[in-house]
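We have chain C already, so just place chain D on it with the hints.
Read top to bottom, the protein sequences are chains C and D. For the first sequence, the numbering used here gives the first residue as 1, with consecutive numbering after it. For the second sequence, the numbering used here gives the first residue as 1, with consecutive numbering after it.
Hint data in this document are derived by calculation from the structure and do not stem from the laboratory. Cβ atoms here follow ideal geometry from the backbone N, Cα and C, with glycine treated the same way. All clues stand as given, with none of them false.
So the derived list for chain C, only partly shown, Cβ under 10 Å to chain D, looks like this:
{"id": "1", "residue": "ARG14"}
{"id": "2", "residue": "GLY18"}
{"id": "3", "residue": "PHE30"}
{"id": "4", "residue": "GLU39"}
{"id": "5", "residue": "LYS41"}
{"id": "6", "residue": "VAL43"}
{"id": "7", "residue": "ILE47"}
{"id": "8", "residue": "GLY51"}
{"id": "9", "residue": "GLN54"}
{"id": "10", "residue": "GLN58"}
{"id": "11", "residue": "LEU63"}
{"id": "12", "residue": "HIS64"}
{"id": "13", "residue": "ASP74"}
{"id": "14", "residue": "PHE80"}
{"id": "15", "residue": "LEU86"}
{"id": "16", "residue": "ALA100"}
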Amino acid sequence: MDKRTEMHRRERRRYVIGYGGSLLLTLAVFAIAYYFGIETKGVYLTIGLLGLAQLIVQLVYFLHIDRRRSSREDLDLVLFSTMVLLIIILGTVWILGNLAIRMHMHVM
Amino acid sequence: MRRAPSHSYPGLNLGEDHASAHKSSEVVTFGFWVFLMSDLVYFGLMFAIYITMIDAQAGGPGPHELFDLKSIFAQTLILLTSSLTVGLAMLALKYNLPRARIVLWFGVTLVLGISFLVLEIRDFMAMAEQGGIPQRSGFLSAFYGLVPLHGLHVAAGCLWLIVLGIQLRVMGMTDLVISRVMRLALFWHFLDLIWIGIITIVYFGGLTYG
Numbered sequence: 001m002d003k004r005t006e007m008h009r010r011e012r013r014r015y016v017i018g019y020g021g022s023l024l025l026t027l028a029v030f031a032i033a034y035y036f037g038i039e040t041k042g043v044y045l046t047i048g049l050l051g052l053a054q055l056i057v058q059l060v061y062f063l064h065i066d067r068r069r070s071s072r073e074d075l076d077l078v079l080f081s082t083m084v085l086l087i088i089i090l091g092t093v094w095i096l097g098n099l100a101i102r103m104h105m106h107v108m
Numbered sequence: 001m002r003r004a005p006s007h008s009y010p011g012l013n014l015g016e017d018h019a020s021a022h023k024s025s026e027v028v029t030f031g032f033w034v035f036l037m038s039d040l041v042y043f044g045l046m047f048a049i050y051i052t053m054i055d056a057q058a059g060g061p062g063p064h065e066l067f068d069l070k071s072i073f074a075q076t077l078i079l080l081t082s083s084l085t086v087g088l089a090m091l092a093l094k095y096n097l098p099r100a101r102i103v104l105w106f107g108v109t110l111v112l113g114i115s116f117l118v119l120e121i122r123d124f125m126a127m128a129e130q131g132g133i134p135q136r137s138g139f140l141s142a143f144y145g146l147v148p149l150h151g152l153h154v155a156a157g158c159l160w161l162i163v164l165g166i167q168l169r170v171m172g173m174t175d176l177v178i179s180r181v182m183r184l185a186l187f188w189h190f191l192d193l194i195w196i197g198i199i200t201i202v203y204f205g206g207l208t209y210g
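The following block holds chain C by itself, in its conformation from the complex (with noise of 0.2 Å):
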């Protein structure tokens, strides 16, 4: 019973933390944007990061995803998934930012 109760509030402390860890993720972007503006790529790409390290908090301590716990194969699907996905999301913008260029559309 005492055991349980400790494996409860260290699994409870896991997604506190998580929460704690994007709330505070979610401010800092939010506050950059009000004191800094959002005009400049040097403060997009600070709030890219930012967005990128929220995914990871969200990914360890809410679903869980690490390389201890997952089987090989459930953790196969979701980097493959992912692979497809940057194949996808690079593909077209690299193709049709180039054919915009090529066409004298001011893009990019």
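The following block gives chain D in isolation, referenced to the frame of chain C:
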């Protein structure tokens, strides 16, 4: 590095209290991850279209006129908090806490989900009033293809939550219901991940490059 036993899966694993529910949901949980990942690819396509369409405003209203960051901020906090409450509900279920606790956390999640939708629909209506309708420009078509798609997912999640609440009442805590509740929690966390992409790429990206 220690390899996990093959019967654990990404996401919260049910403990020894629900050993039979855990065993019976192994395969369906893996199947549900396959669905989530295909859904992710779908969202990825919509993101890609949006990125290529940011400049295609055709003289219509753009991000600076249409986006209301205060409302987006509120929606972000609401959705993030609901991701925590759905996790707490899962833990209450896992550790056999009194049913009132489980119902409480799921109830809070439902209320937060609905408030998120209300704020989002208000935003869309305000955008439409300023001429920001889907057929105005390629940029707006891409926007309305992506953000309401996420809203639709949240609405489906709310409906799912209500149905599971009824099932929990009628059928009790059977293995089947518990395993369905687990998949709902995965789905809900997944929607919060997509939302992070939306605020970063659609809203802040739109304001930077639009």
